[in-house]
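Undergrad: When you get a sec, could you build the whole thing from the sequences and use the hints?
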Amino acid sequence: MIIDAHTHLGILGPFGATASDLVRMADRAGIDKMIVSHCDAIFSDTRAGNDALATAMHAHPDRILGYAAFSSAYFGPAVLDEIDRCVCDHGMCGIKIYSTGGRSVAEPAMWPIVHHAAELGLPVLAHATAAEIDVLACQVPEATLLIAHLGEQPGANMWQTLDMARSHPNVVLDLTSSQIYAGMVESCVAAVGAGRVVFGTDMPLLEPEVQIEKVYAALLDPGVRQKILGGNAARLFGLSSEGVGR
Amino acid sequence: MTKWPLLLPTDAIDALAYTGNWPHWPVPGSGETALLKRMDRLGMRGAVLLSLTTVYSDALAGNDELAGLVRRHPDHLAGLVTFDPQRPVSPEQIMQQGRDAGLCGLALFPMHHGYDLGDNPLVEQALSLAANWDWPVVVPVRLIMSWSLPATPLQTILQAARRHPGARFLVGGSSYGEADQLLHAMAGLPNLYIETSCNQAAGALAEMVIRGDPSRILLGTGQPVQMPECNLVKLAAGALDDQARKAILSTNAARLFNLALS
Chain A
1 MIIDAHTHLG
11 ILGPFGATAS
21 DLVRMADRAG
31 IDKMIVSHCD
41 AIFSDTRAGN
51 DALATAMHAH
61 PDRILGYAAF
71 SSAYFGPAVL
81 DEIDRCVCDH
91 GMCGIKIYST
101 GGRSVAEPAM
111 WPIVHHAAEL
121 GLPVLAHATA
131 AEIDVLACQV
141 PEATLLIAHL
151 GEQPGANMWQ
161 TLDMARSHPN
171 VVLDLTSSQI
181 YAGMVESCVA
191 AVGAGRVVFG
201 TDMPLLEPEV
211 QIEKVYAALL
221 DPGVRQKILG
231 GNAARLFGLS
241 SEGVGR
Chain B
1 MTKWPLLLPT
11 DAIDALAYTG
21 NWPHWPVPGS
31 GETALLKRMD
41 RLGMRGAVLL
51 SLTTVYSDAL
61 AGNDELAGLV
71 RRHPDHLAGL
81 VTFDPQRPVS
91 PEQIMQQGRD
101 AGLCGLALFP
111 MHHGYDLGDN
121 PLVEQALSLA
131 ANWDWPVVVP
141 VRLIMSWSLP
151 ATPLQTILQA
161 ARRHPGARFL
171 VGGSSYGEAD
181 QLLHAMAGLP
191 NLYIETSCNQ
201 AAGALAEMVI
211 RGDPSRILLG
221 TGQPVQMPEC
231 NLVKLAAGAL
241 DDQARKAILS
251 TNAARLFNLA
261 LS
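Those protein sequences? They're chains A and B, same order as listed.
Under the numbering used here, read the first sequence as residues 1 to 246, first letter to last.
Under the numbering used here, read the second sequence as residues 1 to 262, first letter to last.
Just so you know, the hints here were simulated from the structure itself, not pulled from any lab data.
Heads up, some of the hints might be wrong.
[What the hints assert, rightly or not] The following label-pair restraints were derived from C-beta to C-beta distances:
| id | chain 1 | residue 1 | chain 2 | residue 2 | range |
| --- | --- | --- | --- | --- | --- |
| 1 | A | Ser167 | B | Gln155 | 38 to 48 Å |
| 2 | A | Gly195 | B | Ala187 | 20 to 30 Å |
| 3 | B | Arg71 | A | Ala131 | 39 to 49 Å |
| 4 | A | Gly155 | B | Gln86 | 18 to 28 Å |
| 5 | B | Trp25 | A | Ala131 | 13 to 23 Å |
| 6 | B | Thr2 | A | Glu142 | 35 to 45 Å |
| 7 | B | Gln86 | A | Pro108 | 46 to 56 Å |
| 8 | A | Ala131 | B | Ser215 | 39 to 49 Å |
| 9 | A | Gly155 | B | Ala187 | 31 to 41 Å |
| 10 | A | Ser240 | B | Trp25 | 37 to 47 Å |
| 11 | B | Pro150 | A | Asp62 | 42 to 52 Å |
[To be verified] Chain B side only, calculated, beta carbon under 8 Å to chain A, not exhaustive:
| id | residue |
| --- | --- |
| 12 | Thr2 |
| 13 | Lys3 |
| 14 | Asn21 |
| 15 | Trp25 |
| 16 | Gln200 |
| 17 | Lys234 |
We put the CB at the ideal spot given by N, CA and C, even for glycine.
TA: The following block contains the structure:
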């Protein structure tokens with residue numbers, strides 16, 4: 001089973017997808033399940049975005065799972081209620097956080113949010129640098145922190161991420177990225193072990209087949225490959241191998 | 001539902017591959033033997049090489065090193081001359097030496113050699129000579145898809161293509177951020193070509209074919225620093241007709257670089 005741990009609904013720049021679009025792309029690429037955040041929830045209207053995601057989850061319960069997400073304007077206590085609403089009312093299975101709008105996910109206002117996610121057993125997918133994740137991992141060591149894009153962004157790279165993740169057993173590496181460095185997947189496995197690397201596509205931004213091929217082209221044992229493509233996500237997000245049920 | 005692994009297309013000509021040392025992190029599968037073994041494993045017909053030695057160390061030594069590699073494997077490898085205007089050798093001399101040694105085009109790396117593509121008389125001479133010789137000019141926006149490494153502003157490449165309509169420019173390493181601008185420019189610049197190695201956007205190849213010109217899109221991989229499979233799979237996955245797929249996979253590169261690879 002292939003589980004995509006990093007996918008988006010909604011519109012982001014020139015890219016956009018409805019729930020049907022995502023399912024169609026996943027069918028074409030051979031992806032069984034997607035864990036999705038809504039761009040609106042991250043960048044504009046938190047509640048509307050999370051509600052739209054919930055609608056997509058209900059329309060495609062065997063394919064789409066949800067990250068509760070929120071914009072940087074919501075960093076703070078108000079987010080706790082939104083997380084509870086998304087989890088209790090809609091069954092979302094993780095939260096997505098994003099350093100944007102001049103605010104960093106590493107700032108103290110984020111710590112109780114991540115702590116709350118940890119209490120609920122929700123993995124946190126964080127679009128952030130290695131330095132930011134280092135702060136969160138120290139502050140909330142009981143949280144499961146997935147560092148999106150391996151921390152690759154201007155001024156930060158995956159090699160810094162590997163150095164950071166070696167010392168934080170609660171950090172999981174999300175391979176989703178434009179980067180296709182030779183040996184990158186093998187380096188991730190060597191750094192943190194096969195159980196702490198997950199696959200994602202960033203659909204609808206990135207070509208899903210390129211992201212899957214990244215894992216297939218790597219020199220990995222078949223068992224390790226299967227963990228990365230789905231086994232680890234199933235374990236982290238509490239999915240059964242049969243279906244979505246938490 | 002698609003089942004993995006996908007069957008990757010064979011018979012490719014890689015229009016953007018590297019030789020020489022990558023200084024930023026260890027790269028598995030570097031070196032002459034590994035390159036040829038990997039190409040054989042993937043059923044690649046050929047590769048056009050740019051020299052990392054010319055980028056990071058010494059343009060003259062890198063050109064010589066690359067010429068030697070091409071000489072040893074003329075059936076599978078082609079190479080481009082790097083001109084670095086910081087070196088005290090004229091473009092005529094460098095390019096003639098490269099041509100005599102069997103190299104087949106010009107590569108420029110303004111972002112690494114510290115010059116402005118729009119403001120260097122020696123580079124202008126090199127571009128004029130490339131046009132006279134009908135040599136393709138390859139200018140990578142970036143060497144590989146990394147947000148942390150230097151990039152050449154796309155506008156400066158487009159301006160050079162406008163100033164030198166007789167020279168064919170292959171824009172390497174463009175990402176989704178440059179795609180719209182590049183495809184728009186392609187309509188007015190028949191001497192502009194696109195290479196695929198750094199654009200991982202969903203549907204990127206299909207969009208290039210629809211909005212651009214399928215005869216001016218070339219598969220590139222950035223191997224060995226990047227995984228070539230990730231670019232080959234774009235052709236397996238993309239909604240392309242067979243004619244466009246074959247053109248991007250090999251025939252456009254064979255035509256642009258005037259290759260007679262076996």
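Undergrad: Which numbered conditions among the earlier hints are violated in the structure presented, ordered from lowest to highest?
TA: Of the numbered hints given earlier, those the structure breaks are 2, 14, listed in rising order.
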